[in-house]
Structure formats: C-alpha cells, structure tokens
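Protein chains: 2
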Amino acid sequence: MLVVHKYGGTSVGDLERIENVANRVAKVRDAGDDVVVVVSAMSGETNKLIGYADNFTKTPSKKAMDMLLSSGERVTAALLSIALQSKGYDAVAMSGRQAGIVTDDEHTYARIESIDPTGMHNAISEGKIVIVAGFQGVNKAGSVTTLGRGGSDLTAVALAGALKADQCEIYSDVDGIYTTDPRIEPNAKKLDTISYDEMLELSSLGAKVLQNRSVELAKKLGVKLYAKSSFSDNEGTLISEESDNMEEVLVAGVVLDKNQARVTLRGVSDRPGIAAEIFTLLAENNINVDMIIQNMGTDGSTNLGFTVPQSDHENAKKIMAAFDHDIEGMDFDNHVCKVSVVGVGMKSHSGVAATAFTTMANNNININMISTSEIKVSMVIDEKYGELAIRTLHEAYALDK
Amino acid sequence: MLVVHKYGGTSVGDLERIENVANRVAKVRDAGDDVVVVVSAMSGETNKLIGYADNFTKTPSKKAMDMLLSSGERVTAALLSIALQSKGYDAVAMSGRQAGIVTDDEHTYARIESIDPTGMHNAISEGKIVIVAGFQGVNKAGSVTTLGRGGSDLTAVALAGALKADQCEIYSDVDGIYTTDPRIEPNAKKLDTISYDEMLELSSLGAKVLQNRSVELAKKLGVKLYAKSSFSDNEGTLISEESDNMEEVLVAGVVLDKNQARVTLRGVSDRPGIAAEIFTLLAENNINVDMIIQNMGTDGSTNLGFTVPQSDHENAKKIMAAFDHDIEGMDFDNHVCKVSVVGVGMKSHSGVAATAFTTMANNNININMISTSEIKVSMVIDEKYGELAIRTLHEAYALDK
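Quick mapping for you: the protein sequence lines, in order, are chains H and Z.
For the first sequence, this note's numbering begins at 546 and goes up steadily by one.
For the second sequence, this note's numbering begins at 546 and goes up steadily by one.
Which copy is meant is left open, because identical chains are indistinguishable; a pair holds if it fits in one copy or across any two.
Think about it this way: if two alpha-carbon atoms lie no more than 35 Å apart in a straight line, the pair counts; the simulated DSBU-like pairs of lysine-lysine are:
| id | residue 1 | residue 2 |
| --- | --- | --- |
| 1 | 709 | 572 |
| 2 | 607 | 572 |
| 3 | 685 | 632 |
| 4 | 632 | 603 |
| 5 | 608 | 632 |
Hints were generated in silico from the structure; no laboratory data involved.
All chains, please: the whole structure from these sequences, using the hints.
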C-alpha cells in the first residue's frame, strides 16, 4: 500500500514533535507500506518570517514572499528526513520542485498545474521514505511559488492523486471531524465517515480542520482522505464518496458561523437586472456576499436579503446607502449568526428541514432568513441564540447517539 | 559597470543590518551601476539549523543537510529583495538554482561545474537588482547542494566570472587585508592592493578574511576582488594580478599560525619509498600535514620533519609510534607555532629571508624548521615567541610605514 501523510505546523512544532512524527512514519514503514510525507513549517516559523518582511514594508513583492516563506517547509522536510535516517530508515527530503510540482504564476496563491511524480516514484522504488516540503512548487519559469492558505493539505492531496496513493492522511491536533464544535456542545461526536460534499459544506461553514480547496481536489481526484491527530492513535474521520450506509445517517453535523451580518433591502423593484446591478456593485467593492434570499414579489416589488462577513458590514451599508433607485428602504443587522444542518441523507429523506424549524420554534428562536441546498439547511437567527440553537439541533438529530 | 557584492553573515545578522546592506546596494544602483548581490545566512541561523539536526543524529545524510542549510541564505536573499523593494528599487531574489549554478554531486562540499547566467542577465537587462542566495546550487539530478565553508564567497566570485562583472566586492566586518593581525601588532596597516598569490599564502596561513577556494577561483577567472567592510566606507583591499608597482613592495604581510605541532623523525633510512609510505599512512588516517622538511642525509639516513594541526598531534604520535622500521627515533613538540613572511617582491629581491633569520637571531629566537617558496618564508619556532616574532618582523620589513 502507498500512503501519503501530511503533518501540520503544530504536529511538527518542535524537535520532540518531529521525532514523534518520525516514529509514526517509521511504524507505517515497518508495517510494509510505502510512505510519502508532506510537512508544513514548524508552527511559528511562517509568522516569524512574515514579521521580518513586515519590518521593511507592508506590501512586499509576492515573488519575494514566496522565496521567503517556502523556506520553512524545506527546513521541516530536511529535519524529518534526518530524524528518520537516525532511526535507520532511508528517507529523502524534496522541495516542491523536486517532487515535480509545477504551478501557474500566481505568487502566494498559485494553483498546481501539473505534477511529474517520476522523482518520487524512483525514490519509492529504491525503498526510500519520501518527505516533501508542503505549500510550494515552481512556475514554468522556475521561480518558487506558494499555494496559499491550506497549501500543505493541497500538496498532500495532489501528490496522493499523482502517485495514485491508496489513501491520504491529514494530521493535525484535532482527531477528526465532529458533529459540531465540542466547545459549544460537549456531547459532539467524532464522525467515522463523511462525504466530500458534506465536508465541503461543513468546512465552508466554519469547521477549520480541512481547507475547501483540498477537499474539492480530493473529490475531483477521488483521493480517500483521512483527518487524524498526530497526538493520538484514534481512527480519525474518513472523507470519501458517499456510500450506501452513509445515507442511513440523516445529518452529519450542525455548524455555527458567528461571522455574519444581515442586509435586507425592502421594496426592491421587481424587474430584471436589479439584483445583478446590486451584487455586481458589491463584488466590485470586494464584499463577500454569503447567503442571498429573494422571494416572489407582490405589487411589483420584493424584499431582497443577503449576509456578509461582519467585517464587511459597515462597507456594505455605505455602498447600499448610495444606491439611490429601485429600493424603498433597508434594514441592517450586525447581531446575527448562521446555523446550518448538513447531511447527504437530506437528499432522500424529507422532514430534515422541518425538524430544524420545529426545534427553533420550541425554543422561541425567531428565524430571520432560510436557505437550503440538497444537503444543507441554513438559518440566520439572532446572534445570542447561536449556541442554544446548535445544542438543541444536535440533540434533535440525535447526533450524540 | 556591473558589480557583484557579497555580504557575510555578520553583515546581514539582523533586520537593521539587512536594511544597512539595502542602503549600500541602493547607493551603487543610484550611481548607475548594475548590481548582483550574494548573501549568506543571517549569523547564527546556520548554527541553529545544525543544532536541530544534531539533536537527531551526529551523522545526518549530507543530502538532507544541504536541503536544511540552504534555507538560511534563501531567507536572507528574500528579505534583502523586500528591503530594496520597500525603498522603491526593483529587486529579485534567486536561489542558487535560479541563478543557474550547477554543481557536482558532492553534497555539503560541492564544486561548481557550470553557471548559466541567462536568468540573471535577463533580470539585469530589465533594470533589476539581482539578489542571489549564496553557498548553494543544484546537481544535475536537481537536488540542492551546498558549497562548503566559504561557499558564499565562492558563489560571488563564480557569478562575477560568469557575468563578466567588472569587480567583485566581498563585505565582512573587517575592512580589508592587513600586514599582520592588528591584535598582535597594533601598527598593522591595511593594504591597498595584494596579489592573488600573496592572498593565497596569507589566507592559508591564518588570515580569515577570504577563503582560499574563492581567491583561487578569482585568480583563475581573473576576477578583480575587493575585501571591504559593510560597516564603514573605507576603500578596502584590492586583490588582483600582481602589477608593476606591487613588486616595489618587498613583503605584503607577516602571519602567525599557532595551530601547529611538530614531528621530527630521526635517522630515517635514506632509500626511496620511505617518505611516501609515511605520508600515505598519515593521509589514510586523515591527518593534515602542513610543512614537510627533509635534508640530504649522511651515512645512509636523514631527518624528516613535518607539522600537523595541534588537534591531530596525539593521533600522529600514535600512528608513528606503530611505525616500526627504517626510523631510529622521534621527537614531538606540541608547543610550536609557524611564522610566515609573504610577498611577491621576494621573487626579484634577495635578502628577504636573510632579514627574517637575522630578526629571529637578534631576539634570541631559535628556528626549528624553515620552509620557503617563491613568495613565502615560513619558520617554525617555540610557541611562546610567536607574537614577539610577528611584531619584530613587522618592524624589520617596515610594514607600518
């Protein structure tokens, strides 16, 4: 079996932890598997380097930043290979370039264009453990590029795809994906399996374990993904295509997103092009709109609601205040949150949304806005009820069972 | 004019010093010159990384160490490019690979095999200041290699050669080459010029400003080399081919090497092959032999003397004690030092050696061993007279004038 492991910054945060990772990798090797390991920079290193650059200018060139920041992962890769060598294992450290990762030219947020796994295959066939510096590649001109936030996860998934690895294990300080945030609901349970789509909904809604880009790529490449902890021997969570037995589970999890503000436009003229005009304007001003709700209108006008991150709220207010036609009035509310119920089971089972609304009603929580997709129900409610909503929904769907 | 600058670890030791280097480079650019800058790792960084590796094993793989250690120079290169950008200069940071440096496969002590300066030329013609991470290249297989001690100096000289630069300026915390160590002789004078050959003799004898490999390469490529300080605006010392006016100077400098131990083999059989046998044996045991003196023998035997670094002395003793034929007896002395007088003027002027011996005699200093070359007279004397010998020789050759 060929497995790809990825260890994040806290998992390789100091020499003792790198030693711990070496032991984990060695164990897999001892079991007879081939291993490719992707590593992040030691935690704190990247911020230290950013701080250095910041000392000179707030707007360093992205190309220079890539050269600067890519060094942290290289150090970890070299150290882990040395730690493994010291235990008698044959290990080789590779930069993104040496691993064959070619990206586009978008420095600090490059996309992987191709991977030539020949170098890795050769090393593996020589019996070597391959350690790859995550988060980086080279563009066609040969300059170092980095992949942006979550770049090391992305490296791991992309390599697993290119190598046709049997699975890709993403290690962090969290031992898997939970039915909800355990800090809000102590009865939150770790999931054994979750589908790519559920994971995408969960992570975009605030579950920080896996970046969306990595999950999307894993889905596209069909990479079996595990979220595991490097500090325990727990099984972790498998993220993969939905299977039959998944559908028996109605709901995978419930998520709270407190970083929400609501805008409601009243009496919007019910004619083509108005919505397009409004959201183009917001986009041009770099305001990230999340939910958008519009009902059928009456009397030639309708209400249009949307949410934005709280940091964009003031800006959105200003821009909409200058919008002087086809709108009768506006409401703004900075004290809202979004509660979402996610699960592929919804596709084939009615009543999931109804349970959510009933739960809110039973707790006297007023629902401001509702938005649903095939596998998700999202509700915007008063901020102060966020935690209560999560706990009662968690119970209503029996997620603690 | 195209100039190559090289800044050592103390010159880029912290952010303030990197800023200082940026200002120096900017000044040269403002004067209308093209600049390529080679940088070392920030002082302390390389030792920190070696310490990390040391934590896992005393014998890390050299390939992994190259990946590890090459990161320090990359960080400095990126930071210096950012510092220059923040001042409005167009600067680009390059790794050794991006600068086109291809080496052999000898990890941790690679030799530069070729340099393709196309990337640097393109950047220069676009008006960019090019910053290159020193000390590193890639082998033909694409693995990162490092060049060993003094590797950043070597990078600078090699790039200056490949770019046909007008001059190469090596910046450190010392403002040039002195007639002798100013800590021994306060009247030591900075030299304006010195020949490659003199510099080679001086540096192999203990002057630490420039590594021999770099001076040898500069000589081979005909690169005009300057040793300067990054902390002052002093002129520094020009190291180049000897010129006519150099020959008017008899002696460039006097040097003390205290890291010497003497071995004398008495009554060595005067037949072919004995010396070869002895020095092959020492080489096989990794003992660095420095001076070797053998006189014509009488009565079918001769005395053979040589010096070794003090750290090899005990080992040399042991090995020679086991040498059981063709030698009558041995003397060992760990309390000696080597005093050398260096100057191209010796070639055409007799009497330089005589002055040295007279000076020793006038001070009642007994000379154990003498070795001379075209431009050097070396004497092994009692360790305790080392500083006195340097001071009196400095005066005898009027080096303070």
